[in-house]
Amino acid sequence: MRRPHAPARAQPGDPLGAALEAQGFTVQDEPGLGRRFAFEGGTYYLVSAEGDETFYHLLYPNFWELESDEEYVRALYACDAVNREAKLVKLHTAENDVWAGVESLHETPAAFAAQVPRYLSYLQESVRAFRDVMLAAAEDLAEAGA
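For the working numbering, count along the sequence shown from 1 and bump the result up by 17.
Be a bit skeptical, because a hint or two may be false.
Claimed, not checked - The calculated label-pair distances, taken between Cβ atoms and stated as ranges, are:
| no. | residue 1 | residue 2 | range |
| --- | --- | --- | --- |
| 1 | 87 | 121 | 32 to 38 Å |
| 2 | 59 | 112 | 17 to 23 Å |
| 3 | 71 | 104 | 31 to 37 Å |
| 4 | 153 | 123 | 33 to 39 Å |
| 5 | 94 | 66 | 28 to 34 Å |
In short, the hints are calculated from the structure, not lab data. Predicted, not measured: the structure shown is a model, and the values here were computed from it. All residues carry an ideal CB built from backbone N, CA and C; glycine is no exception.
Please build the complete structure, drawing on both the sequences and the hints.
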């Protein structure tokens, strides 16, 4: 995910940015994308949904780079395996990377912000599960080739 412009801090009068900053997140505006913030070494995005103020999309992009067609196939399998079991999280491929996201509906920005720690936990659990599936598949391939 390329950023076309330098990010700016959350704007005054931005209820979502204020609610997240009240929880200790440093929120920055990303022109054309929405907002971003860091959490435990990762960069997360809140993607804006034009025309739907109750829809929230928390995204963790580019957490696994896909380096070959074979790895892409294994990633599709791993995404499917995790998506069947994970709460709220969707894993998907985007070009040569794997992304994780949570989509939710909330009446107010404060109601969404109150759930962000929980959503981050779900995202992290799903990313760990994906990595476990991918590493197990790599070990199986290595053993088969030995």
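To see whether the hints hold, each was checked on the structure:
1. The hint said 32 to 38 Å for the Cβ distance between residue 87 and residue 121, and at roughly 34 Å that hint holds.
2. Separation of residue 59 from residue 112 is about 19 Å and conforms to the stated range, judged on CB atoms against 17 to 23 Å.
3. As the Cβ distance of residue 71 to residue 104 is approximately 20 Å, the hint placing it in 31 to 37 Å is violated.
4. In this structure, residue 153 and residue 123 meet the distance hint of 33 to 39 Å, their C-beta atoms being roughly 36 Å apart.
5. Between residue 94 and residue 66 the beta carbons are some 30 Å apart, a value that agrees with the proposed interval 28 to 34 Å.
In the structure shown, a violation is registered for the earlier hint numbered 3 alone.
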